[in-house]
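*Asks:* Listed here are the chains, written in short residue letters.
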Amino acid sequence: MSNVDATRPPRPAPPRAADAVASSTAFGWLRTAGGMGWLFLVAAREALTPPRGYWRAAVVEMSLTVQRCVLPLAVVATVFVIGFGFFVLGGITEVLGASDREGGAVIVGLMREMAIWTTGMVFAGVAGSAMAADIGSRKAREELDALDVLGVDKIRMLVVPKVVAGALICPVLGMLCVLFLELANAVLAPGQFGYSREVLFASTRGSLTALDIYGALIRFVIIGAMVAVVASYKGLTASGGTEGVGRAVNQTIVVSFALIWGFDAFFNLAYLSLFPDAQVSFKG
Amino acid sequence: MSTTTTTTAPAEDPPEAAPPTELRGSGFLVETGQLAAFAGQAFRALPGTVRYTAEILRQASAILLTTTPLLLLMSFFFGVITQTTGYFLLAPLGAADYMGAIVGFGTHVSPVMMFACTFTAKVGGGYAAELGAMRINQEIDAYETTGVDPLRYVVGTRLLATVLYIPIGAVAVLLGYYAGSYLNGLVILEATDLANFSRFSWASQSPRDLAFVFTTVALTGLTTAIVACHYGLRASGGPTAVGTAVAQATKLNLVLCNVIMALTVVLWYSVDAGVPIGG
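Just so you know, the protein sequences line up as chains A and B, in that order.
When the count follows our numbering, it moves up by one through the first sequence with no breaks and lands on 284 for the last residue.
When the count follows our numbering, it moves up by one through the second sequence with no breaks and lands on 1279 for the last residue.
Bound-form chain A, shown alone (with noise of 0.2 Å):
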């Protein structure tokens, strides 16, 4: 019998559905995100274990983000809280004619809330495309082959640093936007709803929690880690010269901002169930 088959010529394999399911659109977006995780997980041991020679390019990479960021984000932050923590919440309290406590319910507001968006959108929209430009245009010019011609490990040198920075940079760009939108309303505010500047201060003293600012500093560090995470990988996997590092950069900001309010929203729903603490707040 085994004769028999021995001179067969060999059939075509027959379609099988593991090939269906490797071409669909689906493992393709599982297996981007398996592999985001994947360099996650490789960039944080390499950051964890020694030799820690990344600093001095994680220090350089932190300073260039702040200088992008900063003046979007105060122009952003500023502008915000005129519009909807101003016209919107200030607008709701005045008609509930509990004006005075404006202060407390904006500040409630942006440390649980639009502070984290703001951030997390200048920070994804401003230097994790920067970011995955610089990794995708090393690609386009092919030095990241030369680098492994070199035997240099291009995570440690490029993807490391970066998200370092991302992770260590991100809460302190989140509380300069809590600074910017808080001296907006401090400004502005009194003058709008008629009160004095301390009873603001006194609402936004008593509405503040410990717990609402550790909340929204660990949601800064993933946040910055995440998208330089995202922006690595876009840059590293980039293909198709030029057109390839656009395409990169526009999927980076998307999928940054996809994964920012996906984890903000579930994020806060966790956090304020497991913590009732927080939700006594919004004082006069």
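Think of the hints as simulated: they come from the structure by calculation, not from any bench.
For each residue, glycine too, the CB sits at the ideal point set by N, CA and C.
There's no promise every hint is true.
For each label pair, taking beta carbons as the anchor points, the in silico distance ranges come out as [stated by the list, open to error]: (1) A:Gly-191 to B:Glu-1144: 52 to 60 Å; (2) B:Gly-1048 to A:Ile-218: 50 to 58 Å; (3) B:Pro-1092 to A:Ile-213: 40 to 48 Å.
Chain A is fixed; fit chain B onto it per the hints.
*Replies:* Then chain B, alone, in the frame of chain A:
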């Protein structure tokens, strides 16, 4: 030799475009002026675009198929977020029955913001990347040489596709937002019952709010598209060119979107907050 004639023609422009004296900080003004000039040219070319109906519809369908699911997902997240925030502000006061009102107040913020972010990132970045790649591959020059005006065929069709997509996008963000609010408010947090929820949710919205959403969506969408096309068409240089164009366009668009949203909020809600409580 024909190549030399084509290269000498644009070479006359740069000396004219460069400012005579490099003032510190003048880059911003020059940039703004170029952007405004480009926007004017793009609008003037729009009447000639209508003949490319097939291309307009092709662009619009590309946006429709790739961006709508993302818009739905993102505004779904935003619905979840507003309900969470509202619930943990209202529940300690014993006012969880009024959770529906959060949906109405949220329409002052959420759908427009979600549309602006997603549209900037996905469509605006996509336009900049496409146009930048076309510029680098000299497709734009090829259009000019064959007598097709790129402002009509490349920019105009994209602008009109954006205009076609704007109402659909506005409806998509509203639908996603309602779905997220419903799921989080009634299924996850179980704040109140459906009748109560929908009563306050519809009572706290008015046609004025919907007009706000549509106006802001239209303004942010159009501005984003114009800025992205400008930076895409201006791309030049080596392998970084397209990436830089996308990054620049997104950076400026994020700021512009926030400025436009704040302006429309001030226009709509500064006098009357649109809250159906009290007088």
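*Asks:* Could you run down the list of hints and mark each one as holding or not?
*Replies:* Here is how each hint holds up against the structure:
Between Gly-191 of chain A and Glu-1144 of chain B the C-beta distance comes to about 54 Å, which sits within the given range of 52 to 60 Å. Taking the beta carbon of each, Gly-1048 of chain B and Ile-218 of chain A are about 54 Å apart, inside 50 to 58 Å as hinted. For the pair Pro-1092 of chain B and Ile-213 of chain A, the beta carbons lie near 19 Å from each other, so the given range of 40 to 48 Å is not met.
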